[in-house]
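> Residues per chain, in single letters:
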Amino acid sequence: MKFIPPFMHFMFAVLTTYLLASMVGTQLVLADILSFGLRVSLRDRLLATVHDLVGLMPALFLLITGAFLVAFVVAALCRRFLGGKQDWWYLAAGFTSLPAALMLIKYFMGATLFAAARTSFGMLLIALCGLAGGWVYTRLSQNRGV
Amino acid sequence: MKHLLKVFLLCLLLGTASAGEYKIELVADGLSYPWAIAFLPDGDMLVTERSGQLRRISNGKLQQQAIGNLPDMFVGGQGGLMDIILDPDFALNQRLYISLSTGTKSANSTRVISARLIENTLKDINIIFTASTSKDTPHHFGGRLAFLPDQTLLITVGEGFDYREKAQSLDNHFGKLIRINKDGTIPSDNPFIGREGALPEIWSYGHRNPQGLLVSADGTVWLHEHGPRGGDELNIIEPGNNYGWPAISFGMDYSGAYVTPYTEAPGMQQPVIHWTPSIAPSGFCEYTGAVFENWKGNLFVATLAEKSVRRLVMQGGKVASQEILFTELDQRIREVRASADGYLYLLTDSEDGQLLRVSPSVN
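Heads up: the protein sequence lines correspond to chains A and B, in order.
In terms of the numbering used here, the first sequence is residues 1 to 146.
In terms of the numbering used here, the second sequence is residues 1 to 363.
Isolated chain A, as found in the complex:
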């Protein structure tokens, strides 16, 4: 992947997390709908997933971009000053960045704006989506030899 500039590594990581987090968010919301006794058809599930992929784009994509930007800079600094394997720092940054950003938003605004993150289970899944983004970033960066 030497032909991909570093900025694109970052954007691929954001995109990966965005796609996963959006899809996870929709499935969690639909699970709640099922718990109310409503039937959710496969067609409705697919349409809702696509709807949310489009609808969440401005807010969630920006949130992930901001969270990753801060987290990856911190990861780079940690690696530089504390040492250790680059992969682990970026995986940790990916895993923690979204929960940290969402908790900060809740602290200042008093509410969780991304519904999937309102429960501990949902927050864990969102963190794992961030971990996937961190993993994509390390893979692409390693292949380039950074």
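If you're looking for bench data, these hints aren't it; they were derived computationally from the structure.
Heads up, a few of these hints could be off.
Unchecked claim - Pairs of lysine to aspartate or glutamate, DMTMM-like flavour, derived with a Cα cap of 20 Å: (1) B/K61 / B/E264; (2) B/K166 / A/D44; (3) B/K182 / B/D89; (4) A/K106 / B/D136.
As the list claims (entries may be wrong) - Chain B stretches covered by chain A per the calculated footprint, using a threshold of three residues with CB under 8 Å from any CB of chain A: (5) 131-143; (6) 245-259.
Since the model is a prediction, treat every value here as computed from it, not as a measurement.
Don't be surprised by glycine CBs; every beta carbon is placed ideally from N, CA and C.
Based on these hints, arrange chain B on the given structure of chain A.
Below, chain B alone, put in the same frame as chain A:
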């Protein structure tokens, strides 16, 4: 000087407002996020301020000293001192009912107290309702109060924003309309009495953040509630009904995602109307006075986001038409109430909130 300038600007505004069938006069300003008005039999008015003060307006003047002896409350976000209504027998017992938020930032809930107003102080204070589960969000308290003709008290409780799914379960107070007796006991004919796992004070459920509650002259219970992004609703409440939130909604989540892909479902009530995009409805009243003949029998909905009051012309339980009023004020309007002498009163929602009186432009 600042006060004079405000009065001058308002007078300029009145020129525009008076061009129609009404004029708007400033009664009081300097109110800190005023929330609700109660009209006392002697002509005075009580105004709650969300920041935690209860103020009296006497002979058209805001009294500098606030009503004393209010209980401790949680003031933050959308929480604080909220609604106030008089006991139907106020002239005999001087008792009033006040909703407020209690607790802390990390554990708060909606509470209703009753107290006697003796001169300028609350006395004989009783806590008659506290929402059962506390929450860690300072949003969606509901907090509107109304008496049914049988003198039982209705209380709206919001779903706390982060707790929306709980509006569909009957084991908590989130997103519910509550009905209790004046002393806090539970009426024996509430709809969920005897149902296992259900709280007996619940009267209806599936609400989001109801901030408008009205028992109209014909006994109909009207409730309006904030939707998220779109889907503000006006509902007619029947005991035991499920109003759908968050299983069905005409609104979207603020994030841009679905709250639900469904707008209807079996066993869940449809609104009389929904407002999409949101107008953010707050106060609510029915006009039964004689001053505005054309408005008789109409419902009035104050709005925060639209900065207006919606006049709803009703026909057979449906909204026949709507008129958007008072946009010339360019103010978020928290409350609209009709006084016994037929005037309409508005509260604007700001740190320097105003009490305004709407009267005919020509006598």
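> Each hint: holds or not?
Results of checking the hints against the structure:
Of the pairs offered as hints, the one joining B/K61 and B/E264 is violated, with about 49 Å between alpha carbons and a cut-off of 20 Å exceeded. Proximity of B/K166 to A/D44 is assessed by CA-CA distance (about 23 Å); at most 20 Å being required, the pair is judged violated. At roughly 11 Å between alpha-carbon atoms, B/K182 and B/D89 fall within 20 Å of each other, so this suggested pair holds. Annotation: proposed proximity of A/K106 to B/D136 holds, straight-line Cα distance about 10 Å (limit 20 Å).
Given a C-beta distance limit of less than 8 Å, the hint that chain A covers the stretch 131-143 of chain B holds, as 3 residues qualify and 3 suffice. Using a Cβ-Cβ cut-off of 8 Å, 10 residues of the stretch 245-259 of chain B lie near chain A, which meets the minimum of three, so the contact claim holds.
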